[in-house]
Every structure is written in C-alpha cells, then in structure tokens.
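Number of protein chains: 2
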Amino acid sequence: MIQSSNLRANLDRFLATMEASAQIGIGRENGLRRLALSEADRDMRDLFVKWCRESGLKVSVDGIGNIFGRREGREDLPPILIGSHLDTQENGGRFDGIVGVLAGLEVLRRLNDLNITTRRPIEVVDWTNEEGARFSPPMVASGCFVGDHDLDWALNIKDDDGVSIGEALDSIGYRGAIPVGKREVDGYFELHIEQGDELDRNNREVGVVTHGYKSHGVLVEYRGETAHTGPWPMERRRNALVAGARLLTAVDDIGWEYASTSGKATAARLIASPNKPGILSDWAEAVCDVRHNDPDVADQMRVKMMNAINDAAGRTGCAARVLNTWSWGGDIFDQQMVKTVREAVGNLGYNSWDLPSQAGHDAYFLARHFPTAMIFTPCKDGITHNNNELATAAMMEPGLNVLLHAVLARADRP
Amino acid sequence: MIQSSNLRANLDRFLATMEASAQIGIGRENGLRRLALSEADRDMRDLFVKWCRESGLKVSVDGIGNIFGRREGREDLPPILIGSHLDTQENGGRFDGIVGVLAGLEVLRRLNDLNITTRRPIEVVDWTNEEGARFSPPMVASGCFVGDHDLDWALNIKDDDGVSIGEALDSIGYRGAIPVGKREVDGYFELHIEQGDELDRNNREVGVVTHGYKSHGVLVEYRGETAHTGPWPMERRRNALVAGARLLTAVDDIGWEYASTSGKATAARLIASPNKPGILSDWAEAVCDVRHNDPDVADQMRVKMMNAINDAAGRTGCAARVLNTWSWGGDIFDQQMVKTVREAVGNLGYNSWDLPSQAGHDAYFLARHFPTAMIFTPCKDGITHNNNELATAAMMEPGLNVLLHAVLARADRP
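As given, the protein sequences belong to chains A and B, one line each in that order. The opening residue of the first sequence carries number 1 in my numbering; numbering runs sequentially from there. The opening residue of the second sequence carries number 1001 in my numbering; numbering runs sequentially from there.
Treat the hints with care, as some may be off.
[Stated by the list, open to error] With a straight-line cut-off of 20 Å between C-alpha atoms, the simulated DMTMM-like cross-links for lysine to aspartate or glutamate are:
| no. | chain 1 | residue 1 | chain 2 | residue 2 |
| --- | --- | --- | --- | --- |
| 1 | A | K158 | A | E221 |
| 2 | B | K1058 | B | D1186 |
| 3 | B | K1182 | B | D1150 |
| 4 | A | K380 | A | D197 |
| 5 | B | K1380 | A | E235 |
| 6 | A | K380 | B | E1235 |
Honestly, the hints are just simulated from the structure, not real lab data.
Isolated chain A (complex conformation):
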C-alpha cells in the first residue's frame, strides 16, 4: 500500500468534473437548479455514470435511483462508501452535494492512476433527492437504503405537480434493478461544503465534523372552513391560512429566542387552499424545524414548536394534525472514523477545525447503521442554497486530499 503524506488527488481532473457539472441544470447566475429526477438531473446522472464506466467502475442503480460506482478490493468484504448528492435546490449552488460525489469519483480515479488495489471494495454513491426541493422530505433515498424508510412509501411521495418519485424515476430511466440497501457497509465518508462560515471566518482549510446539530422538524396540516372574507365574523372564522401563518411566526420567534446560543428555527414552507382573495382557506400545510448544538436545548425548542402548533390551531378554530416528524443529529458519527479523518488531516499537515454539521445530510441516515464520518470544506461566507454559493479550488483541495487519505486508511485497515 502506498500512503505517504505526498499522496494527493488530481485537483485539475476533479475541477474539470465540477466545471462540467456546473453546465447542467443552470439556474440563476453562477447557480444551479437541478431538481431531483428532472431532465437536468438525468443528464447529470448520465454524465456521472459515463465517468464511472470510463474509470472502470461497476455501475449499479437501485430501486430508488441511488447510483453506485464500485471499485473492487482484494478481498470480498463489505465496501467503503463515499457519497453525497448531485441534485440541487431551486436556487442552488454548484457545490452543495456535488463536491462530495465528484470527490469520491476522483478518489477512485486516483487509486486507478497509482494501480492501488485496496483491501476492501470502495463505492462512490449519488443519493437520490437529498435536497427535498422537489420531493419532501429530504434525504429520502439514503433513508430507504438503510431501511429507515419504507420503499413503497418513498416511491409514492409526490411533487407539487402530483408526480411521484416512482413515476419520475421511470420517466428519466433511473428506477434501477438492484435492491435498495439490504447489504453491509464497512464505513461511509461524506465530503461536503460546510454551509456555515466557521471555516472561512477562522481561516481553516478543512473541517473535521464531530457531530450534528440536533434538529427536529415537523409537517403539520391545518383544517378549517371556507367562508367569505368580508361579512364572516371573526369569532366564526376558521382560516387555515392564518393558523399556518401563526405557527410560522411562532417558530420564527423560537429561533430568535435561542439565537444568542446559535439556535435556529425555520419556517420553511406554507401552502394553503383555496388561498385566494375573497375566501377563507380551509386547508393549509406547513413545514418547520428547530436546531441547536446542545441536544437538550434542541429538545426544549421542539416542545415549544409542538406547543405552537396547537396554539395556532386554538387561536384560529382549526384542527391541527401532525403528518410527519423527523429528528436528526446529535452524537451520530463513529469516533473511530472521525479519528481516521483527523489522522489524515495530521498526515497532510492541514490547518483544521472541529465543528458540528448544522445541516442535514445523507450521512445522518448512514450513521444510524454504519460507521460514518464527514469532512467539510470551507465555503465563502457560509453562503449556500443560493446561487452565490462558492467554494474555490483552494477551499476544496484540502478536503479532497483528506478524503483520499481517510478512505484509503479505512479501506486498507487490517
């Protein structure tokens, strides 16, 4: 095994794949709008598959469209997975998710260059619909892979036009033949842009992700009654849109209450029907979440959010129903894997920073079942989910090399 501190990824080759990706699903200036299972996503998948095959990887696609590019090892052991996602938000950047998949590809290409055969197989993975921008919830396909989500349930999730994940997979030709999950994974690495500004602000080259912000999310439905916006007395109104607006306002207030300790609360989505001038809405659906670095505080925020759901119903005479809840983060990463990352940083002599992930990632689902670690690259000013998202080559290079070293160490360990 060759694993000197001189070993480096081919940055130019990696950047060329990033640049090619930035041409597929162009959104606002310098940004991408490559929604999951759209035609743009299909074009990106096709290119990724082509790259994998050209690199001698064995490509397989599972029943929810996750793409695996496998490089065999010396022994028939469970593989190391390196992954992230190629889909983006409605107003997404060129880096969020994409860096992790294409860095995984570069790691395998570099091993090819050097004729290194690792002890264990290694696979690069593109997880379907990480963003949740088209199909909610996010990270749905990694959730299926580890068995936390029911596959049929996931395939039936519909976008705002009523198209299901299953139909969308069929229409772009990515409903694959292999089973979803149901196999062992030796370890999972995910390289990602930080999506915060700690590394950039503190001039650190790479982030060792120690844990995840604890996060609690909820999808709530309110039911009221239609009536005229004019004569109908306030006392008799059951306007579901107002119930949703009151919840979102209360959740935002919770965020401000905890802002001094870097807590966050998000009112992310509100839809209503009929949602028209002249008539009160009898249906609304809201998505919101709370997050905090301290799991106990996150739990307190959750209690306030759940109370706010009922308060909003009570204030408006509507009926509230919680349709879905989710919780992420905490001490989810494998300490041996984190140590492997930290050792790679040390070997390479980078200036690093331990930090939590504040965003959700596919790694959160993997971490529930398999040893998992994440590596962060800095991103300019922490801007993300925005076309101004930026990770320069200099920002990405250390993380890419740390990934290479950590994967190699994990794959070859006795």
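Following the hints, put chain B in place on chain A, whose structure we already have.
Same frame as chain A, now just chain B:
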C-alpha cells in the same frame, strides 16, 4: 303601466333556472366550482345567452366578456341595468351572484308575460370575474365597464397558471365585439344573498342595503434572500415567507382588536418561492384587507395594516413593496334608488331590514358612476363561499319581487 301590489315574479320559472345553473360546474356536495372564464363558466354563459335569446332579449358581449341581455323601452333613453355574476369561488355555493343575474332575467321574462313595455330599456348583465377566485382582483370587469380600470391592464391579468383574462376570453369565445362601457346607465340594481346572518337571525324577508362596509385591501410583495434553513444564523436570515406570515398574523390580530364592533380583517392569500423545506424563501406575496361599518374606524384599521406591512419587513430584513391597494364601500348608494327599493318593499308588505353590505360587489363600481341600489335576500346562517351556502325559495322570493317592483318603478318613472 300595470304595477299593482299583486304583481309577482314567476317563482317556479326562476327556480328552474337556478336549478339548471346548479348543474354546471359542480364542486363539493351541493356547491359549485365555476371559476371565471373556465369551461364551466362558458357552459353557464351559453345557457344564459340561450335563455336571453329565447326571451326575445338582444344579447351583446363586450370586450371583457360582460354579457348584456336588452329589452327595449318605449323611448331611447339610457337603460336600467340589473346584474350580478355567474362565476363562483373555488368552494362556492349555488346562490352567490347567480341569484342576481337570474332574478334579472326573470324580471324581463315577467314583463314579457304581461306585455309590459317600460319607458326605459332594461338590461340584465352578467359581469365577468366578480369573485376574483381565478383572476385577482375581484370585480375587475365592472371596474372596466365604469372606466375605473384600464381595459388592457385587466386583459393582461393572469391566473396562477399564467393564463391571462384576454387569453381565457378567447379560449371560451367570450371576448365580445362591443366596447367596454362608455355609455350612460339610468340606474343599476343588484339583488344578492346577504352573505351575513342578520336577515336570517332576525327573521327578515328582505334587506334594504343602505351602504357598504368600508374596506381597504392590499397586495404586498416581500423580497428576501435564499439560504440554508440549517446553519444560516437568525441574524442574517431574510426569509420572505416569514415576512408574509408575520403580516398575516398581525392583520388577523387587527381583526380581533375590532371584533367587538363587528370589524373584520382577513389574511386571504400567501404565496412564496421557493417555499420548500431546506431553503429560505426569497419572495412572497400576500393579500389582506380590513373592513368596518364606520369608515373612520376602517381608516384606522388601514393605518395599522400598512404599519404591519413595514413591521414584518423590518423584523425579517426583507424589502416590502405594495403592489396594489383598493378601497370599497361607504355611503355609495343613491338615496333615490334606495327609496325606490324601500317603496317596493312597502307595496309588497314584506318584513324588511336596513343593513350595510359587508362584502364587495359589482354594484360598488357601478355606484361610483351611476345611481345604484342593492337588495339582499337572506341566506341560511350567513354561510357563503362555502358549499353549504343556502337560500331557500322562501328566502329568495321576497327579494325577487322587490327587484321586479323597483325596476319597474325606476324604468317607468317620468
């Protein structure tokens, strides 16, 4: 001229037209969903035109789809108009608007039965898109008729699918040849269900509408910035959806503040983009309004609503822009016309009630330019903009006869 207190409309014939209308554009149980310029609206218009022609009326359609069925008078004087609308809300009833148009038709048919030729011509009118359920704002076509709205502006108003009023008129064949408005009207009568419960609760057979609740509405746009829902600090968030939610909450609070004096405030509509889990929205648009019987109090409520617009922007770091405002109501009706209605009630011996209109009506636009009055029929429990809206035959008959008598008196006056 025959105008004894024995003169009555043909209730059965009127009810037969109501029943036929209730079969076109069926929505929820017992309700209608007959959106303006939809295929259902076209079918209803076709039937109305057929009825008009069978009744010997001269039918014309203007450039924004308003339909006029004219019965000539003895002299070439400006006509009396009787009108309302045949479109409904998303979850509309069978009576709101429809009663007024079909009552107008019945009035003309009854004059035919009795071979009465009035001094002035009389026209029954169906105004396009009164509800504003598909194209906002409401009452747009009567606003064009009186010249308060620019026709080109109105023809370019788009529904949520991007279809303009002009395109919708063409697609159902109701962009008529005659000019919009630009002619004299002797007087305008509109019969409508009350859309409140005063008549029903007080066991009154018919309402004499004295004035309109003063109402102020606003269409507001907020602009913020997309960012990740997770790591982005509260202090840097500019979530346009939260700005909209805070406005709607504040407007609802204003309604409650004035509820004891029957004031109302409505948060009617909120749309945002991207409006997805995982990303902060950088755009939102909200529609809200305030109403009060006392115009001065309504003006106070308006000041609070306008302040709330800016407060919501300030709290969220978003930019607010008021895209449209409107004001209705007050002492808009012609006292001579109202007296004519009251005299008709007296001749017929009905048990009536003076009351304001709390909802907006096409009559509000007509009243700005021509002598106008409204007549209310009771409706069960005040329920409207809801499939449970109900006006029984017994509830509609008095108003129908009052309309007949009032129109005849106006049309034949010296």
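Going through the hints against the structure:
no., hint, result
1, A:K158 to A:E221, "16 Å, holds"
2, B:K1058 to B:D1186, "18 Å, holds"
3, B:K1182 to B:D1150, "12 Å, holds"
4, A:K380 to A:D197, "7 Å, holds"
5, B:K1380 to A:E235, "18 Å, holds"
6, A:K380 to B:E1235, "18 Å, holds"
The structure is consistent with each of the numbered hints, conforming to all of them.
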